[in-house]
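Visitor: Working from the sequences, and respecting the hints, build out all of it.
The chain contents come next:
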Amino acid sequence: MKKQTLNIAVTALNAIDSPGPGVSVIRALKEAASFDTRIIGLSYESLEPGIYMHDLVDRTYSIPYPSAGIDSLFERLLYIHEKEKLDVIIPNFDAELYPFIKLEHKLKTMGIHMFLPTLHQFEERHKVNLNDFGKKYGISVPKSKVIYDLNTVHSLPSEFSFPMIVKGKFYDASIAYSIEQVKSYFNKISAKWGLPIIIQEFIHGTEFNVTGLGDGTGKTIAAVPMRKQYITDKGKAWGGISISDEKMLDMTRKFLRTTKWRGGFELELMKNKDGELYLLEINPRLPAWIYLAVGVGQNIPEALVNLALGKKVVPFKDYTVGKMFVRYSWDMIVDREEFEQISMYGEL
Amino acid sequence: MKLKKNVAVSESGLLFNPVTGESFSVNPIGVEILNLLREENTDEQIYSSILAKYSTDKSTFEKDYEDFIGILTHNNLLEKHEETNA
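For the record, the sequence lines run as chains A and F.
Sequential numbering from 1 applies to the first sequence in this note's numbering.
Sequential numbering from 1 applies to the second sequence in this note's numbering.
FYI, nobody ran anything at the bench for these hints, they're computed from the structure.
Glycine included, every Cβ here is placed at the ideal spot set by N, Cα and C.
If a hint is listed, it holds; no wrong ones were tucked in.
Partial pick of chain A residues on the chain F-facing surface, computed with a CB cut under 7 Å:
#1 227
#2 241
#3 243
#4 244
#5 245
#6 321
#7 322
Guide: So this is what it looks like as structure tokens:
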């Protein structure tokens, strides 16, 4: 029987040194067993590598930055929908989720489906609110404090010991060993991502990640834990291995059960030398290493699309342990006309 | 002590702990000892087995063996034998 072909739009085509998840999500969708795909890339910059990967992306349209406002994004999506008849959109950047969540209902009435966390879930898990989140759901989180003013930095040593983590509200984190370093990172990160800055207790240990999918009723549809094996100077996993840690899976199931999380996610966890797990961050979207989940038997993007379309999805029960991903960089040769097309006309 | 059940040991000497994702490499004698530990042999049985096969004296082997057990313990790869009262 011929499979249905879905027109799926995907963002975060920036497969660069700090990679967006888009290209990995697309690779997963291309391997979906339950549908065929036509992939529409949604880009912010003309040099996002995914734009030029024509074996993965059928057509790309530029979209406005979130700072341009929800109306601009909606207008652009309307135009793209007229041309491409979109069935599903998978946004993959933290910073764009707010406008997409706000537009979810409106887009659904036009036949465009998404499967995103609710606005409440999105706000509640924000790293600014992580202390309250941990208390509310009984999940261990490192102590953290939100600061808006450089002058308040001097009081930090009475509450935190060095080193401490200085984090941006969306991205970036640095380890500070002195007040001078805290000040320097405060300025650097706030200039890029704005205020507030989050100061977080440093937990000594090993970092792990879990990716998965919640169906919005508290059920775990998918969960795959991974240990980073090779970490770049930007803290990104360039190699990792699937593991089997019941404590991590229990924490993941608890997170999904108690929050009734809807959509894909990535939990950033730290295990200290006593084996205690701390939840460092909840990323409200699929991670760049999502293709490992496909490689171990859980095609999470495919399941997400089926949930978005209101189809019944059977939860994954197991996955292969000890399977690795090793990332690599690849130079593509691109005609200047293609660059011109996406830069000047916003379409390729 | 015995090797944790879920720790995988390949013929080439690569150990993989599926809970932590850590990998270690050991030499061929290390593999032999790990297999003896997995079969739940006692320390004395392991001494006998190795000393019968290789030309080394017991005190040298005991010292190396304790070091090896110390490293395995530090990396959380061993568990105690289950006590049986039957």
